[in-house]
Every structure is written in C-alpha cells, then in structure tokens.
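**Q** Line order of the protein sequences matches chains D and F.
With this note's numbering applied, the first sequence corresponds to residues 2 to 432, in that order.
With this note's numbering applied, the second sequence corresponds to residues 2 to 432, in that order.
The hints are simulated quantities; they were obtained by calculation from the structure and are not laboratory data.
Each hint should be verified, as a subset may be incorrect.
What the hints assert, rightly or not - In silico PhoX-like links for lysine-lysine, alpha-carbon gap of 25 Å or less: (1) D:K18 to F:K222; (2) F:K18 to D:K18; (3) F:K87 to D:K100; (4) D:K100 to F:K100; (5) F:K87 to F:K121; (6) F:K87 to F:K150; (7) F:K18 to F:K279; (8) D:K150 to F:K18; (9) D:K121 to F:K428; (10) D:K98 to F:K100; (11) D:K100 to F:K98; (12) D:K150 to D:K39; (13) F:K39 to D:K18.
Protein chains: 2
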Amino acid sequence: MRVIRQPARTTWPELCKRATAPMKEMESLVQEVFDAVKHDGDKAILRYTSQFDGVELHDLRVSREEVEKAVQQVPEALKRAIIIAKNNIHAFHNAQKPKGIEVETMAGVRCWQTYQAIEKVGLYIPGGTAPLFSTLLMLAVPARIAGCKDIVICTPPREDGSVDPAVLYTASLCGVDTICKVGGIQAIGALTYGTESIPGVYKIFGPGNQYVTAAKNFATKLGLAIDMPAGPSELMVIADASANPEFIAADLLSQAEHGVDSQVILLTPSEELIEKVKEQLDMQLPQLPRAAIADEVLANSSAISFREREDIVDFMNAYAPEHLIINTSENVYYADNVRNAGSVFIGPLTPESAGDYASGTNHTLPTNGYAKQYSGLTLQAFMKSITFQEINATGLQSLGNTIETMAEAENLWGHKNAVSVRLQTLKNKDA
Amino acid sequence: MRVIRQPARTTWPELCKRATAPMKEMESLVQEVFDAVKHDGDKAILRYTSQFDGVELHDLRVSREEVEKAVQQVPEALKRAIIIAKNNIHAFHNAQKPKGIEVETMAGVRCWQTYQAIEKVGLYIPGGTAPLFSTLLMLAVPARIAGCKDIVICTPPREDGSVDPAVLYTASLCGVDTICKVGGIQAIGALTYGTESIPGVYKIFGPGNQYVTAAKNFATKLGLAIDMPAGPSELMVIADASANPEFIAADLLSQAEHGVDSQVILLTPSEELIEKVKEQLDMQLPQLPRAAIADEVLANSSAISFREREDIVDFMNAYAPEHLIINTSENVYYADNVRNAGSVFIGPLTPESAGDYASGTNHTLPTNGYAKQYSGLTLQAFMKSITFQEINATGLQSLGNTIETMAEAENLWGHKNAVSVRLQTLKNKDA
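Start from the sequences and build out the full structure, keeping to the hints where you can.
**A** Have a look at this one:
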C-alpha cells in the first residue's frame, strides 16, 4: 500500500482516479454476435457457446430434472445460509415498496402516480471460478417482490454443460424457473431479441466481464434498459486509532481478493493505524488462497492520512466509493456526512461481506465514482412509475386559461385549442 | 388517418412500430466536438456556436442584468400563468419526496436507506421556433425540491445572442442563476467536462434534437447519467361512442402539431366515432398555424377499432404510449389496466395539454415504447439512494456463520475471514 500524507486538494482528482483498463473496442464483435442471434436465434447461441465457451449444448434451457438434482446436491448448511440471506434481503427490499401519491394540485385537478413492475426482466449471473448464487439472490428477490411477470436467468454453462447446483437451488428457492445456459455477448443478445428458447426482456440486470458490459451498453442503443454501468469493485475504509487493525486489514483483503482491478483505500487521521494495518496485512495476506490477486491490488492501493475529519469527509465524497466502511470513534459524524457512496458499513462489527451476502442490503452497487449519480440496486429498479390525472369542470375552469396562455406563448395553438373547445362547451352548457 | 378494423394480434408488432428515422451516424462529429471542448473549453464553445448556430458571443453566461431586463419584458398574464403552473408542479413533485426506510432484518442487524440529491445537474432547454419555458419548469422545479446544489441551464442563444425572456423569467422564478448560452453537441460536451464558464455536472436532463440526443448518449460512455432515451412525441386516445368527437380531434391535433415525426393513434370500439372524429379533424385542421405539420402526422397515423375492450387494453400496453387519453364510459376499467404508459389523462375534460403545462405532472416522458421499462421524470430522478448498515455483537453472532458459509461456497476466503476475525475476537472477550 502506498502511504500518502495530507495530500493537497489539487492532487485529489488524481487520487480519486480508478485504475480502470481502457475499454477495449469490441463494438464490431458485439454487433456481429447480436446480428447472428437476431437472425439465427438458438442456432447462433449454440454456435457461439461452442466457439467462445468451448461447450457443446443440445438444450439451452435448464430442465426441471436438472434443478431437482441440483437441490439434492447442495449441502444442507449452505441451503440454510441461503435461506437466511434470502429472508433478510426480502425484508429489506420489501420495505422499499413505493407508495403511490395523490395530490389535488388545484380544486378539481387530481394528479396521482402509481408504480408497476417491469413485465419482462433478464438476470445475468456470471460463471467463471466462483458460482455467484449471491448475485442471483440480489436480483431475483427484488424482481419477485416487484412482481415482474417474466424473469429470465442467463448464466454460462460449466465445461460439462451443467449449471452450478447452488445457483439452481437459489433460482428454485426464489421461484424463478426460466434458466438459460448462456453467457457472454450472446446471452445479452438473446435477452435483447429473444430466441426460440430464450425470452426477450425489457431490462437487463447483473454484473459481467468486459464482453457482457459492452453488450449491455449496446443493448441500450436498441431500446433496452440496464441496471447501471459496471466497473471493478472497490472499498474505502475510514478508520481511526480506535479501530482494530486486524479487522481493517481483513476488510481491505476481502475487497482486494475480488480481482486484480479492484481498489481499496484507507482514510485515517492516525498514521500509527496505517503502520499497524500494514503489519496485519503482511500477516493475513499469505493465508488467503487468492493471495496473489490481493497482493497485486494492495500494490496499487493507498492509505491516506488527513489531519482534519472534514478533509476525510470531503475526500470520501469526491471519491464516491462503492463500499464504505466507517470504523471510528465518531461514526455518527462520518455517516451523517456521506453524500456519495453506494453502501455504508458502520462500526467495528460490520464487515462489507455482511452486505455482500446476507444482511439484507443489495450488493449491486455503483462503482467508478458513479455513486455521485446512481443508486445501488433498489426494488424500484424493477418498477416504473406512471402518472395519472383527471380534471373536472371546476378544475378546467380554474386552470384552463393558464394552459391557454402558456401554449400560446410557446406557439402551440393546437395545445391551446384542446382546452378552448372544452371551455367553450362548458360555457354553452352553463348558458 | 388510416382506419384499421379489428387487426389480428399477429399484425400488432407492426402496428406498434414507431415511424422513427434511423439515427444518423454522428458519433465522429460528437467525438470531435467533445475533444475540442475538453481541450479548449470556452474557446471551443464560442467557435462552435459561431459555426453551428451562426451566433457570435462574447460571454457564455447570461448576466444578472439580462435576467432583470427579461423579467420586465414578460407579459403579466404569462407570468401569472407560469406561477400557477410552477405551484402545481411543485405540489405534485414535492409529494414524491422519498422516505428512507429502516429495517432490523435480524436482531442486531440494522439496515437503512437514505436519499440524497445528485449534487450537480445540467438542464438542457432546446431553442428553435418555440421557447420551451415549460420544459424548464418541468426540470428546474424537481431539481430544486431534490436539493441539487449546482443546477446549470444550457440553452442555445437566439440570432441576436439573447435568450428568450420567458425562459429567463422562469429560471429566475425557480431560483436558478447559472444560465449558459450554448446549445447542441457543444452544450452537452461542456456539461460533461466543464469549461471556464460552464460547470460540469453528473447528470444531464432535457430534450433536444438528434445532435443533442447523440451527444447525451455519448456522455453516458464518459460516466455521466442522463434522464432517459429521447424520441418523437406520441399520443394514444382510447375513446368510445360516449366521447365528444370535437374534443378527440382537438387532442389528436395538439399532439400532431409537435413535429412531422409525432404519432397519434385512436383506439375505439366505435367505428361511428372514427367517422365523426375524421369530420372534426377536417374542420379543425385548417385553423391551426402548424396545419402542414399536423396534416403530415395524421397521414401517418391510425384509428384502430376493436370489438373487445380487453383487446384495446392489450394493444395499448403493447404499444406503451407516452401520453394516453382515456375518454370513455368505462374509464375506471381502462385506467386500472394501464401497465405501460408514460402519463394518463382521464375523462372528457382532461386534455394532454394540461399535463404538458400546468396540472402538476411532469411532461418529460418515455417515448418509443420505453414506457415498458422507464418512468417519466420524477423527483427521484434528481436523487440517488444510499444503503447503510450497522451490526452489533448479537447480530454478528446470529448472522456471522451464514456469511462465512456463503463466502466459502463462492471461494471468497477473504470475505469469510473478515467475519471470522470478528467472531474470534467476540469469543475471546466472552471467555
């Protein structure tokens, strides 16, 4: 870890920069795959799955038998853990149910707003070394609470053509039975256009590698919505001399093991703490199976000291971390001043991994500084609002002239006339 | 208007297609302008304003004197109308203030969610033939309620280098004093990077022509958020024999006058109504200053009859109209079945123009079928949510093993360890 002492504000923009690799130009590849999926449907999917993933499939859909078999295979302890996590995630997201509003803005002018589920949603669950059943929980639970009618899971098949049992168990637990064995660009293409086996959707959720990210961006050009822009995961810890360095080191390592492009930052008023955390890192790092990855991440990461807590707050908000741990003797001060962050973990006994898995909050969060303008995933991301209005005679008589005057000033006479013909009719009735 | 009788469901996808012009490939132009704005700041803006708009400016910011002069110039009747509209828009959007939630998902595991304003937002107000002060109301009022700290208006200057007085009056009324004389791609570039005169922002709102739309899409690649994808305006009317054909015709024309790419559709169980509406269209059309535009739109528009009201509802939801007028003897049935629409106007005395200007609802709405996955503009579009959690000893003792089990199953041992070191410390304390 680089140690940086009281950096001048002029250096902050540089310190807030993420070490993101430049996005490879892969639009032509995405275009090619999408075109093929559009025209050849399942055939194209099977071809690309063979070509890109090296897996020969006959059926793109997970069968009921496969799910039943998977449910048998998952250890009971893991099942119990997944059920507890699901219940907590359900409780937190169920509480987010938006209440519609209704306002009579003027006598006789009644306006209201309701929320509706997005009918068709796609959930992308990455494959690779770790089966991300936790991500499936984070997407499927709110999709079900929202009431999305068609929920389609896409996840890349393993080498033998199967899907990880824990993922299938979680899908089954969440009541989602449309599970497609497809990953990468072709999965996003299938969710965009629909194929014989894979239903098309209106919005695509979930993380993925750079191919999936590029494909999701491409899908937005074709009219689909996506959850949020993706980027490597990151953790900022604010800790002072009161914090246990062993915990801080463990938290930094839990983030650092994600991937070589992860980033961790420690902000502290205590230079002594930095030294103690470094000692702990040296002790804990070698014990991790993913030590090589974590080591590379730490080499690119920083511990930054500030004299004033106001500077810590300002730097934190300028950085806008995806995850923020606050472990100090002044937690209320820091928590009250969070403006830009994805998810915040407060106190010595609240590790980030609690939110990654099981406490109830969502782990799909804005990275790369996007917390300045994006929320983490909420129930409402699976819904949209619609406004309604009904105006009666009293209302139109009060408001009509206002509309006419404004429409005329914007040179939109048809807009004015839609009011005028009605006011005239009301006048004739009164006469 | 084309008349289509009881179309088969197989023909619906074709009937739901919008007559959108293919997006011109202008990414290289956008890239060029953005690069110049990034490197030359104000100088580049002034150069492009001269080149694209034919206007020579010395100062990109509207001065306090210009605003004061504009306030004098706006007729009192228009001021009164704008104030009434503002009050209604304020009332409806103020009622949308999101309440945070707090849930103790398990004993000792406290999770909560708060909302924060997006600190820096840009509001793009198109110029052209009509000064769109109504759009400024729709963007600035919720931005102020949300509490956005920096609100930046960009609007193209008129030929003489000035900005329409009604726009300046509205900005002043809404308490926004950062008004920049810049339009087109260069405006979006300035809001993206910031220049000497024009502050950069985190999210850009507002409609625009195809150049502005392309530039907003480009800005999303650079990390900015935008309100929603843009498209030509559209209106669907559901009316039956009980409706006044004069009103229906006036409503269709109010939409048709927007631009040649607008689209209007009438759905009805009554073929007699179609004939009466056509008569009314023939009578009203010639009286409009924008008759030529409206005539062209009507030529591309349809009146569709259905025998069953269920088919009307299904077709409406498949089309997902931006604006929907329901003017029937069964309004409650139709309103209750709206799944996909931007804004709905119910009853004989509720013209779309009420919502365009003054009733209180927002007129920034999803077009082109995007109502399937996007909301119209809400207060929350100017905010983002942040989740928090705090776990105490009881909580971690209950939940810790769940997190450990899940992390282990996902091969993330660092995640597990962040819990284990804490549980061990608690154990040592208890001992």
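**Q** Hint by hint, note whether the structure agrees.
**A** Hint by hint, here is what the structure shows:
The hinted pair formed by D:K18 and F:K222 meets the criterion: a straight-line CA distance of about 16 Å does not exceed 25 Å. As the CA atoms of F:K18 and D:K18 are separated by approximately 43 Å, the hinted pair breaks the 25 Å bound. For the suggested pair F:K87 and D:K100, the alpha carbons sit about 24 Å apart, so the restraint of at most 25 Å is met. Only pairs whose Cα atoms come within 25 Å are accepted, and D:K100 paired with F:K100 is accepted, the gap being roughly 10 Å.
As the CA atoms of F:K87 and F:K121 are separated by approximately 22 Å, the hinted pair is consistent with the 25 Å bound. With a C-alpha separation of about 20 Å, the suggested pairing of F:K87 with F:K150 holds against the 25 Å cut-off. Of the pairs offered as hints, the one joining F:K18 and F:K279 holds, with about 23 Å between alpha carbons and a cut-off of 25 Å not exceeded. For the hint pairing D:K150 with F:K18, the CA-to-CA distance comes to about 23 Å; that is within 25 Å, so the pair holds.
At roughly 48 Å between alpha-carbon atoms, D:K121 and F:K428 are farther apart than 25 Å, so this suggested pair is violated. Between D:K98 and F:K100 the CA atoms are separated by roughly 11 Å; this keeps the pair inside 25 Å, and the hint holds. The straight-line distance between the Cα atoms of D:K100 and F:K98 is roughly 11 Å, inside the 25 Å bound, and the hint therefore holds. At most 25 Å may separate the alpha-carbon atoms for a hinted pair to count; D:K150 and D:K39 meet this at roughly 23 Å.
A distance of roughly 17 Å separates the Cα atoms of F:K39 and D:K18; the hinted pair therefore holds under the 25 Å criterion.
Checked against the numbered hints above, the structure breaks hints 2 and 9 and satisfies the rest.
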